[in-house]
Amino acid sequence: MAFFARASPSQAIRRLKDQSQFLNRLLCSCGWQNRSIATAVDDAKASVHSSVESGGKKRINLCSAINDALYIALDSDPRSYVFGEDVGFGGVFRCTTGLADTFGKHRVFNTPLCEQGIVGFGIGLAAMGNRAVAEIQFADYIFPAFDQIVNEAAKFRYRSGNLFNCGGLTIRTPYGAVGHGALYHSQSPEAYFCHVPGLKVVIPRSPTQAKGLLLAAIRDPNPVIFFEPKWLYRLSVEDVPEGDYTLPLSQAEVIREGGDITLVGWGAQLAIMEEACVEASKEGISCELIDLRTLLPWDKEIVEASVNKTGRLLVSHEAPITGGFGAEIAASITERCFLRLESPVARVCGLDTPFPLVFEPFYMPTKNKILDAIKASVNF
Amino acid sequence: MALIRRAGRSLSMLKRSSLFHGKQKKQRQQPIVSPSLPNLTPHLPSSLIRLQINTTYSAIPRGISSCSFRSSYIPNRLLTSEAQPKLPDEGIDDTQFLDFPGVKNTAFTCDLKFVSEKSEEVPCYRVLSELGEPVDGAKLPQMADALALRIYENMITLQVMDYLFYEAQRQGRFSFYMTCSGEEAAIVASAAALSNEDVIFAQYREQGALMWRGFDLQEFAHQCYSNSADYGKGRQMPIHYGSKKHNFVTISSPIATQLSHAVGAAYSLKMDRKDACAVTYFGDGATSEGDFHAAMNFAAVMEAPVLFICRNNGWAISTPITDQYRSDGVATKSRAYGMRSICVDGNDALAVYSAVKSARSMAISESRPILIEVLTYRVSHHSTSDDSTKYRSGEELSHWKVMRDPVVRFRRWLEGNGWWNRQKDTELQSHSRKKIIAAMMNAESMKKPPLSDLFTDVYDSIPTNLKEQESYVREAVAKNPNLYPSDVPL
Ligand SMILES: Cc1ncc(C[n+]2csc(CCOP(=O)(O)OP(=O)(O)O)c2C)c(N)n1
Ligand SMILES: [Mg+2]
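These protein sequences, in sequence, are chains A and B.
Remember, the working numbering sits 821 above the position in the first sequence when you count from 1.
Remember, the working numbering sits 38 above the position in the second sequence when you count from 1.
Bear in mind the hints are in silico, worked out from the structure with no lab data behind them.
Only a predicted model underlies this, so the values are computations on that prediction, with no experimental measurement involved.
Don't be surprised by glycine CBs; every beta carbon is placed ideally from N, CA and C.
Keep in mind that the hints are not guaranteed to be accurate.
[To be verified] Label pairs and their computed distance ranges (CB to CB):
no., chain 1, residue 1, chain 2, residue 2, range
1, A, GLY945, B, ARG211, 45 to 51 Å
2, A, LYS878, B, LYS505, 49 to 55 Å
3, B, GLY140, A, ASN983, 34 to 40 Å
4, B, TYR201, A, PRO1042, 36 to 42 Å
5, A, GLY876, B, GLU434, 39 to 45 Å
6, A, ALA1148, B, ASN234, 46 to 52 Å
[What the hints assert, rightly or not] Quick list of in silico lysine-lysine cross-link-like pairs, DSS-like style, CA-CA up to 30 Å:
no., chain 1, residue 1, chain 2, residue 2
7, A, LYS1196, B, LYS428
8, A, LYS879, B, LYS428
9, A, LYS1196, B, LYS177
Build out the structure end to end from the sequences listed, making use of the hints.
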């Protein structure tokens, strides 16, 4: 995946047409504040990187894709467990629907309302050689478990000289804006965890990605935090391979090729960035869009290669700009591509305020803000 | 033993009294100086006090002679002000004095015996029967008709508000709502037993307590509609009320975080010698959070005048209490923290009122925390985002809704006293309805808070990064005003 040659003009135009048609199909004006949404791209490429079992595809949303992955994880390994608040009846987002009925209450269960307990329990379970898939009901409520994640899960292997590890632990948690979540049902806390050696942080953008990456996270021998874009649970629908497959961690993916500027994002934000790319292309700017997929440890090489090609970089995320993971990307790429950069690295992110209810449309890194930043970068 | 215990108690009183700079209030117990103690001044460092006491022991109690009793050390158990419960005599080995510092009122035994997981039964206090008649032998609290009627009127207004706001949310007028249906008595009657000076730290289902304090229907509507008159400036989801003038600290969504805030506030009230306590409300689910346990322990150790009011409604979203804890209820947990508690029938407004009233007076006069478990039932869905038919049976729900309605029960008592009748009820309902609809229409007609409110209150003043971001946002809006909500004034 090292380097993408510039696509020929006719190829590029054809691709643009396809993509904008696709987007038109998926773009639906939804929710309360009319933020439009689309899945970033239909994931035809999944099979390229994965070990998809031969078999059919099923048109499902992101929530069902997660459910599918959990089903496969439980089915393929008798030492796997799924638990968290309200998980027994299917979870408040319905991602664990039917699992307790199929696999029994001893493997899929409700926990008491205690996030530190959920993660601590998961660490112990994992340390005994099990796959512990813990759900934190909202990413906003992960903080009571911060100590267990940062001081315990992340350091379990290192501090014991590899005598012990809790690599079987995966923490799933829905994150991000939904249009009406306000301070405590909207946050994107990924950056806190990207500051913690020993953790992996993964964020999928679509149903196909979610299924393959979640299975990879569950089977990865390290503790992984898996943030699920809750905005996309129902909105993002694609044909997802039915069988058991994984997608590689720590490998970013170019989901749109272009020559003028590189855009890097993850999760739900990619759909917004994709729209900006489509708009920019109407003005003759060709954008390359990269889905980072794993934020820690992240795939610098692919971003570096792309920026060496385009000479420009824009990063976008919903979390507040200051200290966000965009800052890390900007610093690393500036280090590696300094002489190649033709404009300062741009960041279009959330504001440095708590996540507000009525001001959400102003807070968000919207398509237009991204488009403006693309133009400013290209015209620098 | 008795001598040492008494000496210990006196010492602890002395230490505590110095907290109040000698200006101790009447209700608080005066320090008792034991005649067997030398005349100690409260200013003496505690190490010195210990030393002095030790050297004054003339009679060493039974059993001590076999221990090595270091002169610089007094076991913690001697420094308690707690009442000393009697120990069971059987199997007790009193040939050796138990001086481990970790415990107080216990002794050695040679019986290999585990403490049962079953806690001592905590009875559920109530004074009214399901039919609203006084239970045989019950001592009803003194409640004048005016107060009783005010409680009832509040409960009805609350029900009507919950109903109309819930419907408004369903119609998409605002984004979220939570009713307290089934828990009206637990919330309103407990609030009625407090003084307005008591500071409330609520969870999110206690709008009735705020209503009791006089937060009016218009203020509720403004918050839910997130308009420019919302005190929270449209930043939080609906139902996240707060009111400085009503001593009601703004709601925060993360469960159980408010409990230890209440303990800190209570400590402040105690230090300021206020005739007030802190009160925190929370659900059965909240008792599982680490913050609950931290707060309970802090409150006991800090001797903070705080009331922990647990609305045990049987459910935490879809999680039944059987998946939440294995103790028999919540009240019983207090014992482990060295705290008093009571379990109350939360659907009996009179019982809730009298329990909270006496707890409050103990908390303040004795400077101690008290846990009050109000047993009730969440009749509504968890919130407008929830469909409870997915996890509980219709029969269970209708039993509580129809047979166990706390408001009907209280009304029957009022009717039995000749204070209320059907006609008054109809009038009250329609009056509340009109007022609430008017409040909603007014709230809906108002603008949202101005854009500048996005950037204020992050800090006491706006730092430069936010000033820059404000100009950035304003530029973006100026370029594409149609992309932004038109009801937010720029
Ligand atoms: C720290 C945290 N974890 C999870 C949640 C999601 N959540 C909101 S309410 C709730 C259940 C609370 O139940 P309970 O304390 O019994 O209160 P009730 O809703 O019954 O009044 C949960 C899990 C949250 N708000 N905060
Ligand atoms: Mg509850």
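### Query
Which hints from the list above does the structure break, by number from lowest to highest?
4, 7, 9
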